[in-house]
Amino acid sequence: MHLILFFIFAALCLAGAVNLLLQTHPINSALSLIVVMTSLAVLYLLLGAEFLAAAQVIVYAGAVMVLFTFVIMLLNAGREERTLGSRAARVVGFPAVAAFLALLATVLLKAHGLGRAAMQEGVTSTDDLSAVLFTKLLLPFEVTSVLILIAILGAVALTRHGDGERSASK
Amino acid sequence: MNPGDMLRILPEIVLTLTGVLIMLADASLPANAPRRALGWVAALGTTLALWASLWQLSLPAGTAFYSTVETSPFTVFFHVLICGIVLVVLLLSLDSLPAESHNQGEYYALVVLGAVGMCLLTSGIELLVIFIALEISSIATYVLACYRKESGRSPEAAIKYFLLGSFATGFLLYGIALAFGATGTTQIYELSRLLPTAQNHTMVLAAMALMVVGILFKVSAAPFHVWTPDVYEGAPSPVVALMSTAPKAATFALLLRVVYEIFPTLRSSWAPLLWCVAVLSMTVGNVAALRQQNVKRMLAYSSIAHAGYLLAAFAGLGPSGIAAASFYTAAYAAMNVGIFAVVTMVGGYDDQRSMIADYRGLIYRAPLLGGLLIFFLTSLVGIPFTAGFFGKFYAFSAAVGGNAIWLALIGLLNSGLAAAYYLRLAFVTVQPAPDTESFAKVATPTVGVAVAAALLFTVGATLVLGIIPTQALQAAETGAHTLQVPANDENPAYITEGTQQPRGNRDGIE
Chain A
3 MHLILFFIFA ALCLAGAVNL LLQTHPINSA LSLIVVMTSL AVLYLLLGAE
53 FLAAAQVIVY AGAVMVLFTF VIMLLNAGRE ERTLGSRAAR VVGFPAVAAF
103 LALLATVLLK AHGLGRAAMQ EGVTSTDDLS AVLFTKLLLP FEVTSVLILI
153 AILGAVALTR HGDGERSASK
Chain B
465 MNPGDMLRIL PEIVLTLTGV LIMLADASLP ANAPRRALGW VAALGTTLAL
515 WASLWQLSLP AGTAFYSTVE TSPFTVFFHV LICGIVLVVL LLSLDSLPAE
565 SHNQGEYYAL VVLGAVGMCL LTSGIELLVI FIALEISSIA TYVLACYRKE
615 SGRSPEAAIK YFLLGSFATG FLLYGIALAF GATGTTQIYE LSRLLPTAQN
665 HTMVLAAMAL MVVGILFKVS AAPFHVWTPD VYEGAPSPVV ALMSTAPKAA
715 TFALLLRVVY EIFPTLRSSW APLLWCVAVL SMTVGNVAAL RQQNVKRMLA
765 YSSIAHAGYL LAAFAGLGPS GIAAASFYTA AYAAMNVGIF AVVTMVGGYD
815 DQRSMIADYR GLIYRAPLLG GLLIFFLTSL VGIPFTAGFF GKFYAFSAAV
865 GGNAIWLALI GLLNSGLAAA YYLRLAFVTV QPAPDTESFA KVATPTVGVA
915 VAAALLFTVG ATLVLGIIPT QALQAAETGA HTLQVPANDE NPAYITEGTQ
965 QPRGNRDGIE
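Protein chains in written order, with this note's numbering: chain A, 3 to 172; chain B, 465 to 974.
Worth double-checking, as some hints may not be accurate.
Subject to a maximum C-alpha distance of 20 Å in a straight line, what follows is the list of computed SDA-like cross-link-like pairs (lysine to any residue) [stated by the list, open to error]:
hint, chain 1, residue 1, chain 2, residue 2
1, B, K613, B, L627
2, A, K112, B, R888
3, B, K613, B, K624
4, A, K138, A, T128
5, A, K138, B, A673
6, B, K624, B, A673
7, B, K624, A, K138
8, A, K138, B, H665
9, B, K613, B, S818
10, A, K112, B, L730
11, B, K613, B, D694
12, B, K624, A, S88
13, B, K624, B, F635
14, B, K613, A, A157
15, A, K138, B, G634
16, A, K112, B, K613
17, B, K624, A, A91
18, B, K624, A, R84
19, B, K624, B, I640
20, B, K613, B, A563
21, B, K624, B, V690
22, B, K624, A, T128
23, A, K112, B, L627
24, A, K112, B, H665
Worth flagging that the hints you see were computed from the coordinates, not collected in a lab. Please read all numbers here as calculations on a predicted model, not as lab measurements.
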């Protein structure tokens, strides 16, 4: 049962990812991304990581994707344009990606004990996660706040109209 | 966690508090009030952080926060370097940001908070911390590169930098994931203990390759350098002074950690890789710089070449290579911040005069700036009694010590080639200016107190590192010895000696 579900959702995830790249309209790409995110959540669930699966659905498939679609609609982004550069990128890019994937596939397939993808003790429940987050990974957790702060600060600095402000003061 | 842990990240705490203080002050000041004082607050906070890092030398070397961050002479060396660079850049910005400029408060806060990431990047010993720190420093520089948004060039530079930078971070993250897959840990000391025994050798190799590629992008080494000239040309000059030195110093510290501390046993794999990248960076950087007419683009290519010289030091064995690389980072930072300070003063915040032809007769219009420009150029060439000379000397002798004689020779040849374009700019500076109207109209740049301090600081650093480098070199060597380095992989006795006492457990993991 697990295996069947895994194959269904892994295939769905891959199909979504490929479709995301092939679509020319941004909104179609965004919708394919939702498919990818949701099938990833199911894969997490199959691994027994309930909290992570829920967070994946709420944060990525929910909040982030809503933002994505909003931005696309607000910008009224049209169809992707094909230029000489993008065609060249296609010609060079696809073989390069294929080579990279082949390399990684050989690396991963050579892995010792493939198919027994279990870590030491499963840190999966909300209890376990918060215990790790506030003891062993306290510093990365706290430092993330600086990262978010700087991202907000940057967004404010970039979007505020400096000139408008100046002319208003005159 | 015990209260003493806070002392291990004291410089970062001081910088974060300064950044938050600036943000709060900026928000509570009236809209039209001058924001220049905030820059002085930032400079003061950075000075405090610099003292805090120096004070950390009195702490016994060790780790904190469940072995996610450490203090050692190595981290102190890079903390002091980064805080010094940020201080000089803040002083430079104080006088060169237009007085009525928009978003000054955010500018100073971004610089200071970005420094938090750069500092943490050098002291983190857990790859998760390192990844977040790298993102903090990168996002700060992406935004700062876009600060002249009315110009059109600046947003273009920022978008290019942002897209390629995120792509490179993806490589680093993939490498970290593979390393985790091979060992089940992301703590650097644990990794270096477990990786030699990891079952899947190809996976470890792939992890190393991906991480090194991600890092080499950030230091703009040759096959990954394409973004550099466009970004340096588009970004405001004071920001270029920052981003061509401070994040680079931090990322080189990370590269030292990755190759010498995580993968010392894979030396036979990464040494040829870095050899090729070093040769390619020097050659591509110098050859392309010869053809540039824009001073900032020329300096961008020169910074690619300098990344190549620095990578040559990685051919050195163990501590000698690390010490040479650390010293070169400091020497390069001193002269490069200095020359960008001069370029900022000559070209102005808006880069009105950034072509080489605009520098003609500079020494008659502004004797001080012209003289300093020539001084920094001679240092970049690597003429004795300047920082550049000793930096190159140690880097190449480390390469010779590591039996990479060809690398040192190619480096020397490249230094000769580089002299051509540095000296061309120096000659243009002393050429008599034609008495045409367009030249008469050019205003003489005025040097304020803050910029004077910044210039004094960089000139001092360049001279001190060039005439009496012993102290800095000793600091670099002490730092090098605190990294866990086996001499090379042909010497297994040393490796076992090193791994028997993993320093990650030095502070009690309660």
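Pair hint A/K112 and B/R888, alpha-carbon separation not exceeding 20 Å: Distance ~55 Å between A/K112 and B/R888 Cα, so the pair is violated.
20 Å limit on alpha-carbon distance, applied to hinted pair A/K138 and A/T128: Holds - the C-alpha atoms of A/T128 and A/K138 are around 15 Å apart, at most 20 Å.
Proposed proximity, A/A157 with B/K613 (alpha carbon, max 20 Å): 13 Å, holds
Straight-line alpha-carbon gap B/K624 to A/K138, limit 20 Å: Violated, at about 36 Å.
20 Å Cα cutoff - pair A/K138, B/G634: 24 Å, violated
Pairwise hint evaluation, B/K613 against A/K112, where the allowed Cα distance is 20 Å at most: 50 Å, violated
B/K624 paired with A/T128 [C-alpha distance capped at 20 Å]: Violated, because 39 Å separates the two Cα atoms, which is more than 20 Å.
Restraint check for A/K112 with B/L627, where alpha carbons must lie at most 20 Å apart: Status violated; Cα separation ~33 Å.
Holds or violated: A/K138 to B/H665, with C-alpha atoms at most 20 Å apart: 28 Å, violated
Hinted pair B/K624 and B/A673, Cα distance within 20 Å: 24 Å, violated
Restraint check for B/K624 with A/R84, where alpha carbons must lie at most 20 Å apart: 19 Å, holds
Pair hint outcome, B/K624 versus B/F635 [Cα-Cα no greater than 20 Å]: Cα-Cα ~17 Å, so holds.
Of the numbered hints listed earlier, those contradicted by the structure are 2, 5, 6, 7, 8, 15, 16, 19, 22, 23.
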